[in-house]
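With chain A's structure known, arrange chains B and C on it following the hints.
Chains as they are written, first to last, in my numbering: chain A, 25 to 229; chain B, 2 to 248; chain C, 6 to 219.
Treat the hints as calculated values from the structure; they're not laboratory data.
Please note: incorrect hints may appear among the correct ones.
Said to hold, decoys possible - Once the Cα atoms are required to be at most 20 Å apart in a straight line, the calculated EDC-like pairs of lysine to aspartate or glutamate come out as:
1) Lys-33(B) <-> Asp-181(A)
2) Lys-116(B) <-> Asp-168(B)
3) Lys-131(B) <-> Asp-14(B)
4) Lys-218(C) <-> Asp-100(A)
To be verified - Some residues of chain B that are not near chain A, with every Cβ distance over 12 Å (derived):
5) Asp-13
6) Gly-41
7) Leu-82
8) Ala-91
9) Asp-96
10) Glu-221
Just so you know, even glycine gets a beta-carbon here, dropped at the ideal spot from N, CA and C.
Each chain is listed here by its residues.
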Amino acid sequence: MAQLTADRRVLRADLHGDRIRAASGSMVAFEGDIDFKSAGMGAGGGMRAALKRAVAGESLSLMDCTGHGRAYLAKDAMDVLVVDLAGDTLTAESQHVLAHTDGLRLDVQFAGLRGMTSGQGLATTTVTGQGQVALVSEGPIMALEVAPGQDLVVDPDAYVGCRGQLQMGLVSGVSWKSLVGEGTGEPFSLRFSGHGLVLVQSAER
Amino acid sequence: MQTWNPATLPADDNVNPHVFCVALSGEWFMAKGAMLAYYGDVRFEAVTAYSSVASWVAARFSSPVYVQDWVVAAGHGKVLLGDRGFDLNAYDLDDGNLTIKANNLLAFDQRLELKQSIVPGFVTLLGTGKFIASSNGPVIFVEPPFRADPDALLGWADCPSPSVHHDTEWMSASMAGMLQGAMGRASGEERQYDFTGQGTVLLQSSEIAREDPAVLRLIESQTQLLTTSQAGTLGQRLVARAQQQQH
Amino acid sequence: MPFETVNSKVVRARVSPQAPVLARRGAMLGYSGRVGFRPVRGQGGGMAGFLGAAVSGETNPMMATEGQGEVLYGYRGLHVTVLELDGSAPLVCEADRLLAHDAGLQTSVQFLGSGGVRAAVGGAMTGQGLFTTNVHGRGAVALLSHGGAFPLQVAGTSIGVDPQAYVGHVGQLQVDVAARMGLRDAVGRGSGEAFQLRISGSGTVYVQASEQKF
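Okay, chain A solo, but in the shape it has when bound:
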């Protein structure tokens, strides 16, 4: 069973004749006998996948890594976090997905509210199933709890992903606009309510 291990800014992927998927261009070194092959969008084939590819652009181009050995994966010296999924769903901004094990299903979605307003790219990725997914972030990721009566407001540039039963709304208004200034940053912030975890990085993109 392929195993993903985070070591600060590098992800070690140990392969035992099986397969993982990783962001294209993320291999920095490997030991053993490993093949790397383009896997396209990670959204299956056919028209649906083609449409998603058009929407998502280059934001989540994946490659298959197969064979025996250890691959070292990394992206722009960003911190790596491995999340274990046990049948539940993780939502992440596509550019933060570094790799995932074979048992998981990736789906690229129209991001709805956030994607439409942020100009950050329209691709949000949902990861579902049993296995491991590795995320990259500027500085370590903080997992912030959201519960009823305990809403969280996040700068869209610092938002990485979320997990749980969450609703996301936009906060604009005078207060937020004065915070980000004219012409810089996002004119909106994200307000999360419900029950779950929001993943936040320590830098603006």
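Relative to chain A, chains B and C alone:
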């Protein structure tokens, strides 16, 4: 995975080396863009707008060059601050003063007073209170006598303002012309800030310069020192430079 | 120990008349004591070395730090790795990875790969530096990397490395540049062609967690 909520987040302390959590109860000054996320009931108002309802604001924030890059955060909650993934540190002043690179100052509590430093790109904080600043890598503290590269200088406390030192050997090697081609561009070693006296100098690894909008405002305000003909000459030189850099 | 690690991005060097230091220009963060800086040519190998540098484009503006005192070196917030060379094998790296080293160490330019390989890769490695710098002798070297360099041990086997993530190596190692079908997806985003370095023999290879050059 370690998780955080408003109760478990630290109060006025680092969450990790790159994120600081302010336990807001009242008002803080914050640089635009420094806020990553918050819990609670928090409002952000431009410093200029807030000063019309709270007259003390103008007395605390006395730098017209920087005022538009700052807001007042008011209310109750936990506010998380970050800056480019840099290291963040809190500094406690006890009836003291510390001068810091304006780009690296993220927040300060409303008891402190901010003034523009004589050294361009730096601001001085005075009084008793806490402020948060970022650095590229951990901060290095050294004592005078010390000479610092301007790009690596983060700030200084207690000691007199620095003077500029030019390296004699470097200048003479440069003037000798044997390396004129290679020496055409300044690399920084020929010029340092010279600190003397008692105090502490703060350094960081030099960073790729980030455009500081306040520097433009600062220099523009200083062109009032020029006569009309001098201002015209400066204008021509700037136009020539801009044209040269386009090619 | 001429280089003391201050933190992940800064080193401190004790400079004395017996132990001057060569460093990349623009890397001095600050100093105390009676210390002077003098610009020097990038390669220490005399005329041949300089010619090599001119041909290869591996010109690396360096400076000598002389006198008596303590100097801090760092560069643009990049991570710094200090290596102690015992003289048994040179350090091979790209010249612009050199933050600072003992002035007693010798540097020379080497063309990485032989004619056959060169023909195979054509001009495609341009900008990636087929020419490398060899650092010979006993002493300390401070290397720059984006995000830190991690060591990979090679012992009688071979490993593959993304050229953009390659920092340097020490030991009895053979480096081959190989184009490989399919690798286009694995390495060198936007480079149009895919290459990997196949490194075999025995020694240590230093790799950074990023494809960014600086």
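Going through the hints against the structure:
Distance check on the hinted pair: Lys-33(B) and Asp-181(A) sit about 13 Å apart at the alpha-carbon level, within 20 Å; holds. For the suggested pair Lys-116(B) and Asp-168(B), the alpha carbons sit about 31 Å apart, so the restraint of at most 20 Å is broken. Using a Cα cut-off of 20 Å, the hinted pair Lys-131(B) and Asp-14(B) holds, with the two alpha carbons roughly 11 Å apart. Between Lys-218(C) and Asp-100(A), the direct Cα distance comes to roughly 10 Å. Compliance with the 20 Å bound is thereby established for this hinted pair.
The Cβ of Asp-13(B) sits about 17 Å from the closest Cβ of chain A, beyond the 12 Å cut-off, so the non-interface label holds. Against the 12 Å criterion, Gly-41(B) falls within the reach of chain A, whose nearest CB is about 9 Å from its own CB. Here Leu-82(B) does not stay apart from chain A, with its beta-carbon only about 9 Å from theirs, under the 12 Å limit. Distance check for Ala-91(B) against chain A: the nearest CB is about 15 Å away, which clears 12 Å, and the non-interface claim stands.
The Cβ of Asp-96(B) sits about 31 Å from the closest Cβ of chain A, beyond the 12 Å cut-off, so the non-interface label holds. For Glu-221(B), the condition that its CB be more than 12 Å from all CB atoms of chain A holds, with the nearest at approximately 18 Å.
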